[in-house]
Every structure is written in structure tokens, then in C-alpha cells.
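A.B. asks: Read top to bottom, the protein sequences are chains A and B.
Take 1 as the starting number for the first sequence in the working numbering and just add one per residue.
Take 1 as the starting number for the second sequence in the working numbering and just add one per residue.
Simulated from the structure, these hints should not be mistaken for lab results.
Yeah, the Cβ is synthetic: ideal placement off N, Cα and C, and Gly gets one too.
Treat the hints loosely; a few may be bogus.
Claimed, not checked - Examples of chain A residues toward chain B, derived with CB under 7 Å: (1) R49; (2) F197; (3) L235.
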Amino acid sequence: MNPISLYLRLVRIAIKARMQYRADFVTGILGVIVMNVVNISLIGILVSRFADLNGWTIWEVVFLYSLWILGHSLFSLFMWHIRTLEDYLVQGTFDQFLLRPASAFVLFIGREVQYLGIADFAIGASGMALAYSNLRLTWGPVEWGFLVLAILAGTLIEMTLTLMISSIAFWTGRSRRANGLVMQVNVMVQYYPVDIFGAFFRVLVTSVIPVAFMNYYPALMLLGKVEHIGAWWPLAYASPVVALVMVGLAAGVWQLALRQYSSAGG
Amino acid sequence: MKLFWSFTRQAFHNTAVYRVEFWIRLVSILLAMYSIRAVWQTLYTQRPDAFGLTLGQMVTYGVLGMALHAFIDTGSEWYIATQVRTGAIDTDLLKPIDFHVHMLARNLGEMLFGMGVMALPTYAIGYFVFGLQLPPDAGAAGLFALSVLLGFLVQFHLGFLLGSVAFATLDIRSIAWAYFAVISFFSGQMVPLWMFPDGLRAVAEVLPLQAVYYIPMSIYIGTYSGPEAWSALGFQALWALTLAGVARLAWHQVHRRLTVQGG
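So that you can see chain A by itself, here it is in the shape it has in the complex (with noise of 0.2 Å):
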């Protein structure tokens, strides 16, 4: 079977899995969109106060917001379980992904799915539509086309630094706050336009962790601020060579993990 094909049937029997719990997943639902309705009127009654945050209106920000959550939404969906791989090591499951005849990976990336991630695309995607009449956009092929790239980048970097961050456990037994602090950061780039911030943490941003590329870089093209970073302004169209790079160094960070593990047992 290929992988793909095999990744398909996996998911399917995790949704099965999953729709044995109906109260959660309402109440799931639920809770996510009040935070994020929560969330974004904060900076909304702030933004709307001072007119704009360092040039970017209420609207502006909302897009932010928006297009960093249609990407954060599909890691959600399918991946938000690559940060339970500590447990998985502790408790010694991991194993049964070593002891079938498929790529680990696959086997891993199909074993759940979060339904969460269902109000986070909800969420983005009226914050997005809102947006976008507000703003009074007229986007072309070009920017649609390029709309949707960004979106997969943004899982795909996500994705990968999860899986590059929880491989530390692999050495250590533990990534769980480490994931949390890469995460406190990626909410400050969902929230804030980057601009807002100092030298270090833009550069902290767009190098090493770089979660920039999830919304702040692509919003700069699909809103038409690409002079806001002058001469950097290639950074604005990077978003999915950023990804094939993380994708490249994710692939080699597994693949040394792997060699390495011994099972704890059980």
C-alpha cells in the first residue's frame, strides 16, 4: 500500500475513533470559537482605540489573525498530536509504529485526528471573508493562487518545528514546555504584526523559529504592504520556500531521531 493511501485509510479510522465522544465534540467546538472571538476583540478594542498598531488597522490585524489560523487550522486537524510524541516515548507505544511494515511517520501522523481544528478553519475563514470586505480587496488568480500556498506553508512550518521540537524528546524524554514556549512565541506572531516588535525578535521570527512566514510575510503581499520591509522584500513572497526548507531539515532531524531511539520498554 502507499503511503498516502495507507495515511488515508488511518485517518479515517481515527475520525471513527474520535465520533464516539459527540458531547466533546460540541462543547470542543464551542470553546475554541469563544476563545477566539475572546481573543480577537481584545486587540480589536485596542486597535480600534489608537486607529491602527504601527500602520495596521483593525481590519489589517484581523487578517493577520485570520490567515495565520487557516494554516495553524489544517496542523490542527491532522497533526496536533505530533506534540504527544513525548508520550508516546515515555510510555513505550511508540514501538507499534517500528513494528509494521510502513514508513513510522506515516503510521505516527495517522494515529489521531483533533476535530478542534474544524472551528479554527471556521474561524479563519469568516475572519479571512471579513477581511477581505473590509479591506475592500480585489485580488486576482495571482493572489488567490498565492493565498492558498501560504495557508499549506503555514501548516507545513508549523508542522515541521512541532516535529523537529518533540524529536528532542527522543534524547531527553521530555519536549512538552519546550512546544510551549515555541508556541508562546508563534501566538505573539499571530496576534501582532511583527513590525511592532524589536530587531532581535524579527530576526528570532524569521530565522529560527520562523513563524513569521505563517502570516506576517504572506499578509505584506496579499495586502499590498510590501514596501513595509523595503529591501527584504523577497521575504514577502518565501513563505513556501521556507517550508520546502523546514520540510528538508524536519526529514533529517526524524531520521537521525530514529537511529538513535531505544524503546523504554513495555
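Following the hints, complete the assembly by docking chain B onto the known chain A.
C.D. replies: Relative to the frame of chain A, chain B by itself:
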């Protein structure tokens, strides 16, 4: 009382065990402080007159919100929910101490740990790096300390009630997300209440949530002083007592009907 402090001490030590976690939490608090300062500084530079406060006061308010967050919310709801889900709650019930008092002792220990080991050092770093301010005078500092303690009691009892929901639903994660978001909004942790539009502000002023962040922080930066500060403390004390009463009542109901599986 001796028993109470022994649980408090134990919680303190439990939290102190994980060194790497300590450093990561430290960095994480500093990051949060850094981000809120960047936001206020940007807004202030744009319109210095829109605050009614100095930039120093505003940045202090924001950074203090992050410092308080590092210890005032001890996450009692997670402890209770986990014990319920795994059935380990029976070990808590076997302890020779009232459950509510036990939880209070435990969370007080975690709160003191968070304050002494996490929040104070990071705040001290922030004080020098971000140019923060101290309370206007020693009296205000004393009232602030009292207000933080009352805020902790309000936060703890809200968490206790949320955790008790686990007896009915087993999983509180999704409810907790909504709850955290609502707290960070209406408590004034991120944005002071006087910046809210009128309608939302009226709601926020009735809810107990402002007792957790807004009131202590307003006393610290000096926007509440004298009789105003005292009446705010009264508001906090009233809510702390009310919520403690409700929490005990709720626990009494739960305890009577509780059946523990496995264990």
C-alpha cells in the same frame, strides 16, 4: 493549621523539582512581558494623550499583568479534573483533611512558589530592562499585597468550581479554554477596564474577574488609592467569601453523590 502548612510546603517542593521546566517558564514569562511592552510602547508612541497615564504606568500595568499571571492562576481545575478522570481522587478523599482546605493549602503552596521563584525574579529583571515603576508609596505596596492575596482566593475558587465540573463531564478542556479567554478579557489582565467600550465595561465591573487582575494592578500603578482602593478591596473580599461559600456548597453536593470507578 500545622497540617494545612504541611500540604502547602509539599506543593512548594513538588513544583521546585523540575529544573529545566523552571528555566523554560522563566524565559516564557520574560517573553510575555516583552510582547506586552512592545504593544503598549507602539500604541503610546502613536498617541501619547489617549491613555491618561504615563508610558511608564502603562508598561508597568501590562508587564505586571504577565507577572501576576505567572503565579496567581495555580490551575486547581487541572489537578481536580485529572484526579477525577484517573480515579485517583479517592486518595485525596482518604486524607485526614477537608478536601476544600486541602486544595487551598496545596494551591497556596504553588502560588507562593510561583511568586517567589518565578514572578519576583522575572519582575526584577523586567524592572531594570523595561524601566518599570514601583507602587507610589509603602501604603500602596501593602494594599497591593493584600489585594493580590484576595485576587488569588477569587481565582482559586473559580478554578475549584471549574474543576468540580469534571465530576459531571470528566473532561474540562474545552470549557477551560473558553473560561481562560473570558478571564483574560474581563479581568483586565491584558487591557485595563477603562479602555473598554461602555457596555463591555459595565459587564466587567459586575463580574468577579476584575478582582483577579484589574484591582491589584490599579492599586499598584496608583489609579486606585485611598477610599477607592479600600472599596475595591471590599469588593474582592466579598467575592472571595461568596465564591468560597459556593465552592463548599458545590463540593458538598458532589461528595454526597460521588462514586469512584477503579482506583
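A.B. asks: Closer than 7 Å between Cβ atoms is the bar; does A/F197 clear it against chain B? Give me holds or violated.
C.D. replies: 5 Å, holds
A.B. asks: A/L235 was flagged as interface toward chain B. Is the shortest Cβ-Cβ separation under 7 Å?
C.D. replies: Hint on A/L235: violated, closest Cβ of chain B at ~20 Å, above 7 Å.
A.B. asks: Minimum Cβ distance from A/R49 to chain B below 7 Å?
C.D. replies: 6 Å, holds
Checked against the numbered hints given earlier, this structure breaks only hint 3.
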